[in-house]
Amino acid sequence: MARAVPADPHDGEAVAKRIENRWALTMVGLVALLVAMVIFTGLHWATMPPSRVETINPSTLHVSGEFVESNLGSAVETDGSVTVRIVGQQYSFTPQCIVVPSRTPVTFRVTSADVIHGMLITGTNINSMVSPGYISTFKTRFEKPGDHLMPCHEFCGTGHEGMWANVKVVEPDAFARLVGPTRRASCDL
Amino acid sequence: MSGPLLRNRWFVGSVGGTFLLLVFSVFVGFVWLPSAQDDSLFKGLLNSICSAAGVPRSWLGEASAPVTSPVKVSEVVMTPTTLDEPSSGGGVGRGATLALRCTMCHGLRGVSTSQTPTLAGQYASSLYKELRDFQSGARASAVMAPLVAELHDQDLRDLSAYYASLPRQQSPATQDLQSAPDIVATGAPMRNIPPCGSCHGRLTAKLGVPWLDPQPRDYLKTQLEAFAHGTRRNDTSAQMRNIARNMTTEEIDASVDYYSGTR
Chain G
1 MARAVPADPH
11 DGEAVAKRIE
21 NRWALTMVGL
31 VALLVAMVIF
41 TGLHWATMPP
51 SRVETINPST
61 LHVSGEFVES
71 NLGSAVETDG
81 SVTVRIVGQQ
91 YSFTPQCIVV
101 PSRTPVTFRV
111 TSADVIHGML
121 ITGTNINSMV
131 SPGYISTFKT
141 RFEKPGDHLM
151 PCHEFCGTGH
161 EGMWANVKVV
171 EPDAFARLVG
181 PTRRASCDL
Chain H
190 MSGPLLRNRW
200 FVGSVGGTFL
210 LLVFSVFVGF
220 VWLPSAQDDS
230 LFKGLLNSIC
240 SAAGVPRSWL
250 GEASAPVTSP
260 VKVSEVVMTP
270 TTLDEPSSGG
280 GVGRGATLAL
290 RCTMCHGLRG
300 VSTSQTPTLA
310 GQYASSLYKE
320 LRDFQSGARA
330 SAVMAPLVAE
340 LHDQDLRDLS
350 AYYASLPRQQ
360 SPATQDLQSA
370 PDIVATGAPM
380 RNIPPCGSCH
390 GRLTAKLGVP
400 WLDPQPRDYL
410 KTQLEAFAHG
420 TRRNDTSAQM
430 RNIARNMTTE
440 EIDASVDYYS
450 GTR
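Heads up: the sequence lines are chains G and H, in that order.
Taking the numbering used here, the leading residue of the first sequence gets 1, the next gets one more, and so forth.
Taking the numbering used here, the leading residue of the second sequence gets 190, the next gets one more, and so forth.
Pulled out of the complex, with its shape left as it was, chain G reads as follows:
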């Protein structure tokens, strides 16, 4: 098209080219900024950027394996870290009160026995879907003792609003006193 235009006293082609160049640079800059943000947050902020996909039969959680009732809650591993196992179901989390030590590596393992639930822990960046058939695994660390709420954040049915749990972060020595002979702990009544 541009070639068909006769000689232009205002030098339109050069003006258009300059503007195109500026826009191209702006767009490249925007894309570069967005990609850099993804990389920075992925490296420094998010607890779980890539998915850790693992499957499980949701109908037999209570029969065998790591999600049987007696194995839920916080488990102390030989390396001193803590594994927390939680089952979400209509309409509660089990255990209903989760206790973890501060300044200790904690691995969460969460799954659902029926429909899609979600969980987040207030005041932290822990936030995950809890899907039937899949185990959500993520690692974290609580720096300060304190109480947090852990609501289900995915509408799971008519009792959804009543589904939440408590997370109590306590000092490591207080946690050690809560751990029983089976090396499991929860603060359920």
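The hints are simulated quantities; they were obtained by calculation from the structure and are not laboratory data.
A couple of the hints might just be wrong.
[Unchecked claim] Chain H side only, calculated, beta carbon under 8 Å to chain G, not exhaustive:
no.	residue
1	225
2	229
3	233
4	244
5	252
6	256
7	264
8	266
9	267
10	294
11	330
12	378
13	382
14	425
15	428
Note that the structure is predicted; figures quoted are calculated from it, not measured.
Quick reminder that beta carbons are idealized off the backbone N, C-alpha and C, glycines included.
Keeping the supplied structure of chain G fixed, place chain H upon it in accordance with the hints.
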């Protein structure tokens, strides 16, 4: 066609740049960010690509073996198709014959006149689950245990089908949810209590959970308190204990009154 296009530097620059961005993004998403995680399953090129792409793997690593329960818990696996299998020559009729042993307590047609639960019109899934739990000892009862000890799985299925087929008795008071107390209709979300009706009928139902009205008042109250105190533990993954232990005495009474029709 390709000649003039490739000579156009805007075309080469934009398409080529987009392609390079794609290659770089794939590297970021499948290699760089996964490799920054400290799981061993993200280490190495193939590992990080597979894990980031969502290949199912075992993420726990080394962990202590599961702790098994010192007490008997329910091992009944309930799915929507659990009771679907064609009963081999059984069903409602066979269940009715087997039910002769139940009539002394649960009434001639499943309607109890004492403090035992009414079974007429109960969900088959709930009946089957409780029968299995009585048999395994997950739900303790000195009366029920010997009565179900000798029954086969097919017997339990037929009994459940029979009682589910009988007409449900409904007390007028519980016909509509308008008259229901708060604990039944809305629960107490601030204290971790979903409404009774969200699992036990009227609002919605949940597989393996019983329909509650009308049931004898004493029976309901005894069971609710047993859940609250943890003396009854055959609710799968503590789903009922979690709720009952948060209920106040007034809420227990209100729900029991509603579901019993104050019988």
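Hints, one by one, checked against the model:
no.	hint	verdict
1	225	holds, 5 Å
2	229	violated, 12 Å
3	233	violated, 14 Å
4	244	holds, 7 Å
5	252	holds, 6 Å
6	256	holds, 5 Å
7	264	holds, 5 Å
8	266	holds, 5 Å
9	267	holds, 7 Å
10	294	violated, 29 Å
11	330	violated, 20 Å
12	378	holds, 4 Å
13	382	holds, 5 Å
14	425	holds, 5 Å
15	428	holds, 6 Å
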